[in-house]
Amino acid sequence: MIAIENLSKTYGKLVVLDNLSVNFDGGRVVSIIGPNGAGKTTMSKCILGMVLPDSGDIKFNGESVLNKFAYRSQIGYMPQIGKYPENMKIRQVIEMVRDIRKDATVIDEELIGLYGLQNMYDKRMGSLSGGTKQKVSAALAFMFDPQVLILDEPTAGLDPISAEILKCKILKEKKKGKLILITSHIMSEVEEVADEVMCLMDGAVKFHDTISGIKQNTNEERLSRAIAKIMNEED
Amino acid sequence: MNKIIKYVLYDIIRNKIVVAYTLFLLLLSIGLFNLGSSPDKGLLSLLNLVLLTVPLISIVFATTHFYNSYEFMELLVSQPIKRSKIFMSEYLGVTLSLSAAILIGIGIPVLLFAPGATGLYLVLTGVFITFIFVALAFLASVITRDKAKGIGIALLLWFYFALIYDGIVLFILYSFGDYPLEYATLALTALNPVDLGRIMVLLNLDVSALMGYTGALYKSIFGSMWGIGLSFGVMVLWVFIPLLSSRRVFQKRDL
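Top to bottom, those sequences are chains A and B.
Note that full-length UniProt numbering numbers the first sequence so that position 204 is 204, with each residue one more than the last.
Note that full-length UniProt numbering numbers the second sequence so that position 199 is 199, with each residue one more than the last.
By construction, these hints were calculated from the structure, which means they are not laboratory data.
It is possible that some hints are incorrect.
What the hints assert, rightly or not - Taking lysine-lysine and the DSBU-like style, the derived pairs with C-alpha atoms no more than 30 Å apart in a straight line are:
1. K6/B with K83/A
2. K83/A with K41/B
3. K68/A with K133/A
4. K123/A with K102/A
5. K172/A with K133/A
6. K6/B with K149/B
7. K3/B with K89/A
8. K41/B with K89/A
9. K68/A with K3/B
10. K252/B with K133/A
11. K219/B with K89/A
12. K133/A with K82/B
13. K85/B with K252/B
14. K215/A with K68/A
15. K41/B with K82/B
16. K176/A with K82/B
17. K147/B with K102/A
Kindly generate the complete structure, drawing on both the sequences and the hints.
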């Protein structure tokens, strides 16, 4: 569904993505892991067109996305730190995004209901806690029934109950044949929701395999140990 | 595009600076018309104050607005909208609200106290200056990510166009006073939108007789429809060059 081909990005002298090539198929939950600064967020932002790569290409259903914008109606994005105009109320933000994505046929308000966001509709974005902003981001990402969901550390600021709601939603959407990319540092969570794990290191793929495959190759029961083993072996 | 402009305008109107700006212009205009003995004098003092304050307020307001809208733009960029659309909506939102302030704050008093072509040119100049300086402000804002630096560049641009440039022109006129400089000063004028606006309004007042040979030349050029058309053409160039170059930078940068 998404094919990344020889993607490179540098910030000045710092190489963030180094000739990265990877394929993601629909109906899977792919967890993107890697140390801080490995290029996880940059890769997601490249797919969204927020960061423009120096070279390489990104294809969405076979078509290049560089300098295009319409394909984004098929992507739901939940940023790591949701930044919203401080003066806008929750209601206005949601209405604005809806207004922009008017052609969306399906409106999925499940998360708004489950998180009880209606009760807070008149609060200003600037007065919300980090966790509540995350809930708004999640609700917006899932709202338009997109084919691809990019979730950047989705549960980092959420309380356990809200995190659980989000995980259930992720699994539910996966069954509809969607591709879901999650960056995360929490291994237990990765094990719970993901089918595949892709590890980025210094801007290149270190390994990309299914969870059972990783466990088999390393003879480990727990994913966190298996991954630690792979990391240590290579050093 | 209209949708996004709507939200930009909504945001600008709510922070009340534009309302204060309108009231300030209104008070200034009414005060000056009541102080002067004739409407022409009022227009002249108003012209000088407008050419000093409108660029300053436009450029500072537009720069701070751009940096404060960063989150808004980031939110929109991940949505299915063209980047140029986001940028142009921001530009039009700011310019339309500031121009409305000029139309109300200067246009209405001029209509009441000194209706006529000169007043019309004054208001038009104010609107053009707004469009030009907001474009320059956006250019300063897309060049650097640092808010303090961006505002610094914007203020420097204002200093240059409102104060330093006139100093340079005066210096050239004094140093080369022995040569015929009429056409050179004409070219120098076109290089500064503030001066261009000033001369256009001045020549419609009767003070141009005081400006000597250069004034006579200006009068023969700017007095005709052709000259006025040309100077408005130059003003349009002054809007589009910074606007299109900043849009280009905005489309090619990371958010």
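Okay, which hints does this one fail, numbers in order?
Of the numbered hints, 2, 8, 11, 14, 15 and 17 do not hold.
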